[in-house]
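Asker: As you go down the protein sequences, you meet chains A and B in turn. Okay, so the first sequence: first residue is 120 according to my numbering, each after it adds one. Okay, so the second sequence: first residue is 237 according to my numbering, each after it adds one.
Just so you know, not all the hints are guaranteed correct.
Said to hold, decoys possible - The calculated lysine to any residue pairs, modelled on SDA-like cross-linking and capped at a C-alpha distance of 20 Å, are:
(1) A:Lys128 to B:Thr297
(2) A:Lys329 to A:Tyr265
(3) B:Lys272 to A:Cys136
(4) A:Lys375 to A:Pro345
(5) B:Lys272 to A:Lys375
(6) A:Lys128 to B:Val298
(7) A:Lys329 to B:Gly252
(8) A:Lys128 to B:Asp248
(9) A:Lys375 to A:Ala302
Rather than coming from a laboratory, the hints here were simulated on the basis of the structure.
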Amino acid sequence: MAVTDYLRKRFMPHIWCPGCGHGIIMRALLSAVEKLGLDKNDIVMASGIGCSARMLGYVDAHTMHTLHGRALAFATGVKMARPDLTVVVPMGDGDALAIGGNHFIHAARRNIDMTAIVMNNSTYGMTGGQYSPTTGCGEYGTTAPYGTVVQPFDTVELASAAGASFIARTTTYHAREMARILADAIRHPGFSVVEVLTQCPTYYGRKNAKGDAVEMMEGFRDCAVPVGPLDDSGHATVTIDPEAVDAPIPIGVFRKEVRAEYCDAYRRQVIEPAEAAAAASAAASAAAGGEQ
Amino acid sequence: MSTSRRIEINPDWCKGCNICVAFCPKQVLALDERGKAYVANVDACIWCRECELRCPDFAVTVVVERAS
Ligand SMILES: Cc1ncc(C[n+]2csc(CCOP(=O)(O)OP(=O)(O)O)c2C)c(N)n1
Ligand code: SF4
Ligand code: SF4
Ligand code: SF4
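Input sequences plus hints: build the corresponding full structure.
Answerer: In structure tokens, the structure reads:
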């Protein structure tokens, strides 16, 4: 199949602004899905609300456009009912880390097998450029006309502390690598977090004098510093020379560890013993009934 | 066996963001007077697909056809 065969072409062109990076992420995701040869019927995508969440309108798979911040909860329900399906959850930085922060850390803690894509444009694009949990300290938004006064979340560190077993970061400039990372994340049997730094030229770019889409992507290119290879325990070493790049963005795969997966563990520890106990008690009462 | 290659641009989907033009390593693409991307210098193309991968609007396709 061609990549565009996974698109609902009748809804194109999409609603995203000219140069919005969200379309580059959708393309990389569909390339990954195509490379893995996944059947549309085996893919479930859930999203919340935001420009990023609108991706679901265009992907020709099973799609659920749900509540702001709650996509991971819906996705968890689907995955527990049908662990055989591939579940992908694209989220904005506000969707994933502000209103949905609790769902995010607990999905990571459970290590449930799904891929969370954090489409981080450092702003709330859909509602008009308010600052988000990833807006840099001192940067501007419509709700921060004097600049924010708080430190941003580091998505990779947050996911790592919460227990995600696959963690990566990339940018829209690195589209080819993004497709490779997403394929790896989808194949990984656990909770995968892929943060993609993406441009919102309309709000974040304009408010912070970052230039147009091309200049914002050049910024990603110039600041990106690849992390080292994974060691035997599945952790990458991050060595950054602060002299070399002004505001370095470490990119690459930070963690890839195989650990007990939630649906699997739940089946072994709860469903199978419960079913065995129910079968034993049915057999016992059948035997007792037979004796009468 | 011969291989024919071309770059197709869908003007109905192109939003003129200039990303494909700016990141093409060989300056093959340009924007026309309507702000739509077009192939200005196909002879320079190295078929690397960087334009296709980075177009946010799925408007660029690098087509490679092998005919025997
Ligand atoms: C419960 C609830 N609260 C608030 C909103 C308003 N709202 C819609 S999208 C959004 C934030 C979008 O930002 P982000 O998730 O970063 O995605 P982006 O639009 O930048 O891709 C907010 C606050 C909502 N739809 N529902
Ligand atoms: S407002 Fe920003 S995030 Fe939303 S579509 Fe436009 S550029 Fe993209
Ligand atoms: S395939 Fe490569 S060289 Fe050819 S137009 Fe696209 S980016 Fe330029
Ligand atoms: S990257 Fe796509 S949308 Fe942007 S100018 Fe090129 S063809 Fe048009």
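Asker: Each hint: holds or not?
Answerer: Status of each hint after checking the structure:
Restraint check for lysine 128 (chain A) and threonine 297 (chain B): satisfied, since their Cα atoms lie roughly 15 Å apart, inside the 20 Å limit. Only pairs whose Cα atoms come within 20 Å are accepted, and lysine 329 (chain A) paired with tyrosine 265 (chain A) is accepted, the gap being roughly 17 Å. In summary, the hint linking lysine 272 (chain B) to cysteine 136 (chain A) is supported, as the alpha carbons are separated by about 15 Å, within the 20 Å threshold. Note on lysine 375 (chain A) and proline 345 (chain A): the hinted pairing holds, with a Cα-Cα distance of about 16 Å set against a maximum of 20 Å.
Our distance criterion of 20 Å between C-alpha atoms is broken by lysine 272 (chain B) and lysine 375 (chain A), whose separation comes to about 42 Å. Among the hinted pairs, lysine 128 (chain A) with valine 298 (chain B) is consistent with the structure: their alpha-carbon atoms are about 18 Å apart, no more than 20 Å. Proposed proximity of lysine 329 (chain A) and glycine 252 (chain B) is supported: the alpha carbons are some 19 Å apart, at most 20 Å. Taken as a hint, the lysine 128 (chain A) and aspartate 248 (chain B) pair is honoured in the structure, with Cα atoms around 12 Å apart against an allowance of 20 Å.
With a CA separation close to 13 Å, the supplied pair lysine 375 (chain A) and alanine 302 (chain A) stays within the 20 Å bound.
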